[in-house]
Amino acid sequence: MDGDGAASRANRGDGGTSLGGRPGARIIRDAGDGALRVILGEGLDVRVNEAVLGIAAAVRRQAPAGVLSVISGYTSVLIEYDPAIIGRDPLFEWLAGLEPEAAEEKGRVVTVPVSYGGEHGPDLEDVAARLGLAPDEVVAIHTHPVYRVYATGFAPGFPFAAPLDDRLQLARRDSPRERVPAGSVAIAGRQTGIYPLPTPGGWHILGRTPLPLFSPEAAEPVLIRPGDSLRFVAVSVSQYADLALGTDSG
Amino acid sequence: MRLQVVRPGLLTTLQDRGRRGYESLGISIGGVLDDYAAAVANRLAGNGPDGAVLEMTLAGPELEVVADGLLGLAGADMDARLNGRPWSPGSAVGVRAGDRITFSRARTGLRAYLAAAGGFAGDRWLESRSTDLLLGRGGINGRPLAAGDMLEAEGDGGGPLYLATRAAMAPSGPVRLLASDEGEDAVRRLTMDLFHVSPRSDRVGLRLSERIGADLARLALERGAAGGTGLSEGMAMGSVEVTPAGEVIVLLKARGTVGGYFVPAHVIRADWPRLAQLRPGEAVRMELVSRDGAAAAARELAALANARMAISPGRVAASITAPAGGGVVDDIRIGGAAVRAGESVAVVRQGEERVVVFSPRDGTAAWCCPAQRPVSEGDPLLWIADP
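Protein chains in written order, with our numbering: chain U, 348 to 597; chain E, 47 to 433.
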């Protein structure tokens, strides 16, 4: 199993950037008496996040008895355990020496059609004005890069994607909205994300996608996973409507 | 076993031990908030720990028995009654079609757990029967119980039948904390002050009504996850979050999987049941413990959970066994009921013939064999504990 992991790791896109094989590069901290956090670096860093997903995959695949949950974030993996089944010290030692494995699935590039501005993107004008840009420029900058999904959370399937271009960086809204519509594409700080279902939210909404990010009854309920990449493509309101019809009937 | 919901109670949901394996995709783990009480209820009903149970909040439901079975009850004391007679949390009862089970407002604690032999059936979503109220999935159509719902058990348990206990709920007391690496200043403040449970608390988090000072709130801003960069990281059950506005929230089972607030401390596992039983408005005192202290508390709670399951012979004043075999038990006195010497406490029915069983002494029915269960001569029917 270890051999397989190493081989697939070497085959992943950013070859040679993984922390694999250097267990000294990680810090392990207790999060109470039922969880350990493995910290693999700091900040918004592709290599750190790849190591995070590699460790999360290894814990999940090897799943020692007593491990209850595995949550990956930007820079750390949180592992909850039942100390009556697995002791804290043996788990700590095991995690300290654990080799990252390739993620369960290779990261995919997901193309996200977005209807920017207007009813679908109520903050686009305001964001543009605050940044000293034209709305079209905001759209051009937002659709330009391919973003990495560092983590999924807040709501089922909400992708935390980054890095957002420096020219688009704004703090969160002063007062969060009580209800953000599903599919809203939004920005905050160095991140961009998509609300999978109607929830409260404090990010600036630039547009909306008809892509269903969360389909509870599907075999794979969540569309976008950590390690995937996102590419936003601007579509018109009528294209949005066509696509929305298509996803409904599909 | 089948139950019909007459009144649903304030917030009654079906829960098991939670939905695991999807937490990295942002799907909450959920599950029973009070692991201790849910496990006790399951064991009383002869189930393993994975049986789905009803979690009742503050005011419980009224249920009508449609088909016979065995029920275990633990957690908060909601003045449960079977056909009007008191039924103590921490005991099992056999119930028969036509019986009526009522719960009132909790007198102590907040959440009570009802288990049925075999575990309650419910919608399985992503391998769990736990109700996710935010997503409207799992349990009974993804929502709290409603009048008219029919609840069915999936089998008849099959585990060894246990009895009754004095420890239907984990002992109350201060909420004990382990400080995180950067949390010491904040923990000192948290353990100095008396806090109260905010009515805005729910299965996601226990919110405290009082805010902590601006100095600590500033610290919270600087020391949010990943050094205040606002990056989201996985959040553990029992994490004590401090927001930049100075709010204190203890994260519970239905929490969001990731977060970015400052977490100066974590509530020890042995006190998670305490968190589940704190009532809105109730005072909360927090206390710092060492890792050894946390381990000792975990051992104590585990011992309590096991000890209660084997009533020591000294406490059982009388064990009543079936005087005749080949019949079924009927008209049996329920656990928790007071009995007097010479009083009829059970009937063994063999066809047309009825063998009446009398109590040899005054006391409390500690456990009873479920009604309609076939018995052989000498099988235990009822234990009488000292009054």
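Some clues are possibly wrong.
Claimed, not checked - Listed next, the in silico SDA-like pairs over lysine to any residue satisfying Cα-Cα at most 20 angstroms (straight line):
1) LYS453/U x GLY67/E
2) LYS453/U x PRO523/U
3) LYS453/U x GLN516/U
4) LYS453/U x ALA566/U
5) LYS453/U x ARG408/U
6) LYS453/U x TYR68/E
No lab work stands behind these hints, which were simulated from the structure alone.
On a predicted model such as this, the values are computed, not experimentally measured, just so you know.
Evaluated hints:
1. LYS453/U x GLY67/E: holds (18 angstroms)
2. LYS453/U x PRO523/U: This hinted pair is violated, its Cα atoms lying about 35 angstroms apart.
3. LYS453/U x GLN516/U: Violated. LYS453/U to GLN516/U sits at ~30 angstroms, over the 20 angstroms cutoff.
4. LYS453/U x ALA566/U: Given pair LYS453/U, ALA566/U holds - Cα atoms ~18 angstroms apart, limit 20 angstroms.
5. LYS453/U x ARG408/U: With Cα atoms ~15 angstroms apart, LYS453/U and ARG408/U stay inside 20 angstroms; holds.
6. LYS453/U x TYR68/E: holds (18 angstroms)
Consistency note: the structure conflicts with the earlier hints numbered 2, 3.
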